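If you're matching them up, the sequences are chains Z and V in order.
Letter by letter, the first sequence follows residues 1 to 315 of the numbering used here.
Letter by letter, the second sequence follows residues 1001 to 1235 of the numbering used here.
Please keep in mind that the hints were generated in silico from the structure rather than gathered at the bench.
One or more of the hints may lead you astray.
[Said to hold, decoys possible] Taking lysine to aspartate or glutamate pairs in the EDC-like style, the calculated list, with each CA pair at most 20 Å apart, reads:
{"no.": "1", "chain 1": "V", "residue 1": "K1110", "chain 2": "V", "residue 2": "D1189"}
{"no.": "2", "chain 1": "V", "residue 1": "K1158", "chain 2": "Z", "residue 2": "D75"}
{"no.": "3", "chain 1": "V", "residue 1": "K1138", "chain 2": "V", "residue 2": "D1126"}
{"no.": "4", "chain 1": "V", "residue 1": "K1048", "chain 2": "Z", "residue 2": "E6"}
{"no.": "5", "chain 1": "Z", "residue 1": "K279", "chain 2": "Z", "residue 2": "D204"}
{"no.": "6", "chain 1": "V", "residue 1": "K1069", "chain 2": "V", "residue 2": "D1135"}
{"no.": "7", "chain 1": "V", "residue 1": "K1138", "chain 2": "Z", "residue 2": "E49"}
{"no.": "8", "chain 1": "V", "residue 1": "K1069", "chain 2": "V", "residue 2": "E1054"}
{"no.": "9", "chain 1": "V", "residue 1": "K1100", "chain 2": "Z", "residue 2": "D135"}
{"no.": "10", "chain 1": "V", "residue 1": "K1037", "chain 2": "V", "residue 2": "E1127"}
{"no.": "11", "chain 1": "V", "residue 1": "K1069", "chain 2": "V", "residue 2": "E1057"}
{"no.": "12", "chain 1": "V", "residue 1": "K1210", "chain 2": "Z", "residue 2": "E6"}
{"no.": "13", "chain 1": "V", "residue 1": "K1205", "chain 2": "V", "residue 2": "D1195"}
{"no.": "14", "chain 1": "V", "residue 1": "K1100", "chain 2": "V", "residue 2": "D1189"}
{"no.": "15", "chain 1": "V", "residue 1": "K1216", "chain 2": "Z", "residue 2": "E6"}
{"no.": "16", "chain 1": "V", "residue 1": "K1128", "chain 2": "V", "residue 2": "E1178"}
{"no.": "17", "chain 1": "V", "residue 1": "K1110", "chain 2": "V", "residue 2": "D1195"}
{"no.": "18", "chain 1": "V", "residue 1": "K1216", "chain 2": "V", "residue 2": "E1076"}
Every value quoted in this text rests on a predicted model; they were computed, and no experiment measured them.
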Amino acid sequence: MDGSIEFTMGLSQGIAWPWPIAVYLFFAGISGGALSVALFIRFYKKQTENTPFLKAASLVSLVTIALGMLCLVIDLTNPLFFWRILVFYNLNSVMSVGVLVLNAYIPLVALVTLFAFEEEIKACKPLHFLLPIIDKLRVIRTPSEKLVLVLAMSVCAYTGFLISALIRFPIINTSVLPALFVASGLSAGAAAAKMLAVSVFKEDLHSKDMHTLHSLEWPVMAAEALFLFMIIMSLATGNAGAQSAFAAFHSGTWAYVFWLGVVGMGFVGPLLLNFATGKAFSHSAKAFFLSGACAVVGMMCLRLFIIYAGQLNAI
Amino acid sequence: MSENLERRRFLKCLGASSLILAPLGCSSVKEKEDINKTHYVMVFDQNKCVGCGECKEACNKANHLPVGKSRLLMEEQSSAVEGQPCPHCGKTNDCGCQRKFVRVSCQQCKNAPCVTVCPTGAAHRDEKTGIVTMDAAKCAGCKYCIGACPYDARFINKETDVADNCDFCLHSKLAIGELPACVQQCRYDALIFGDANDPTSYVSKLLAVKDSVRIKPGFGTEPSLRYIPIVKLGV
Ligand code: SF4
Ligand code: SF4
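Bound conformation, chain Z alone (with noise of 0.2 Å):
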């Protein structure tokens, strides 16, 4: 940074994305990664009927994606320009490549739920005219759930490199953010969708689909673990750009964010809900619920850590 000239004015005046992108990414983790698990699920226990597990988390996806969307949308300058994305291309674009994969993602999201609701639906008299629907395209329902499966993982991993693709800044330009999206959407999506699952459609808290989440659950929040600590390395270790950058963790109102929201209650509140306490606590459905939330407001939180401490941290 010993450049013969350089300047440290800007045109833009502040933040180029603001709250409503991180919530955006937030939302659109949640989605992909509640549909990526239960699907995974489903196809690793060959399972054939509408669990309480696949319905929460299809209705979740559905819900989240949708309010992304509008996130999305309320963060451009003009809303009523939204068209625009949708009608020009530029596929050196990643926005415009991860409007494409929505495209399919969206209404894909909305079948599967669509199949997974069936029971509920014949019990619901004003909903029969979706029966037909249903009944027709049965045949195609293997095919969309693996097919939306790669989509859901394809749309938390595509948050990550719209991002990544921020030259200037250092928090925002690593390679391994995509990775960090992939598994934080998955266990907050897991997270938000279990808890659905067991206050709305009666799962039981010690069911067999319980016990496939909770042996998953550690192993991502493991690799989100490390995912973090190899991008604070590196920028800690990094040119002189990455740390200067590194400050963010240590300083400003952003690292309370950081170590308060992400380490504390991302990764230490489910730890020590879990372990720390007696077997009767940590097996009851408090803890359980605390346990969810703490992963869904990590999740929110290393999301707005991201994009605030990232775009403040410029070179």
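Chain Z is fixed; fit chain V with the ligands onto it per the hints.
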């Protein structure tokens, strides 16, 4: 025939794999340079700039920008070290000696991240001149280009709600065969504009004899703006 097929297959594979790989290395998609084509460059001579800011006003007027918005900025810098007495006048603060200015605007990158990331192709390279400019009718206002520009040289034009950048007055002055407004306005000849690929142009002669630098070359965007810095000898 078979050679043709082979080539077709090769190109197809190339196309397909670039679809997969492009997002991975998005910011480093290289554009080929053809030396027979025009390559407009701008040179800013820091030794001559007095910081009057008239280039900025001229730009605003020529490009009909909303009040208070501009496609370029002037940064005032001082080589005095804060808290230490000025080597010239001995005052500790606000001495006003050794001021220098840096004119900040779109660097017209040859390898422009804003063009690569723009999902709609609104931020694009003008085919005839190679200048990075905007198609306002396509811009969705997603601000991806603003985040991606390493020089923070883009902004949202509040009147049109779309992104904007300095395009060497492509649609205003160049279109009527004139030099960019800032270049015309500068009374101190601190700005020089022309085709670097034309050996007879004044810029290429100037660049051949003067040392010039590009800002933040490490990003690999290959800016077309050159800066001739004040080089202080001795002290
Ligand atoms: S300086 Fe920024 S706006 Fe200009 S061409 Fe380069 S990336 Fe694009
Ligand atoms: S703000 Fe406009 S020009 Fe910039 S990337 Fe988005 S669509 Fe393209």
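Index of numbered hints that the structure contradicts, given in increasing order: Structure breaks hints 1, 7, 9.
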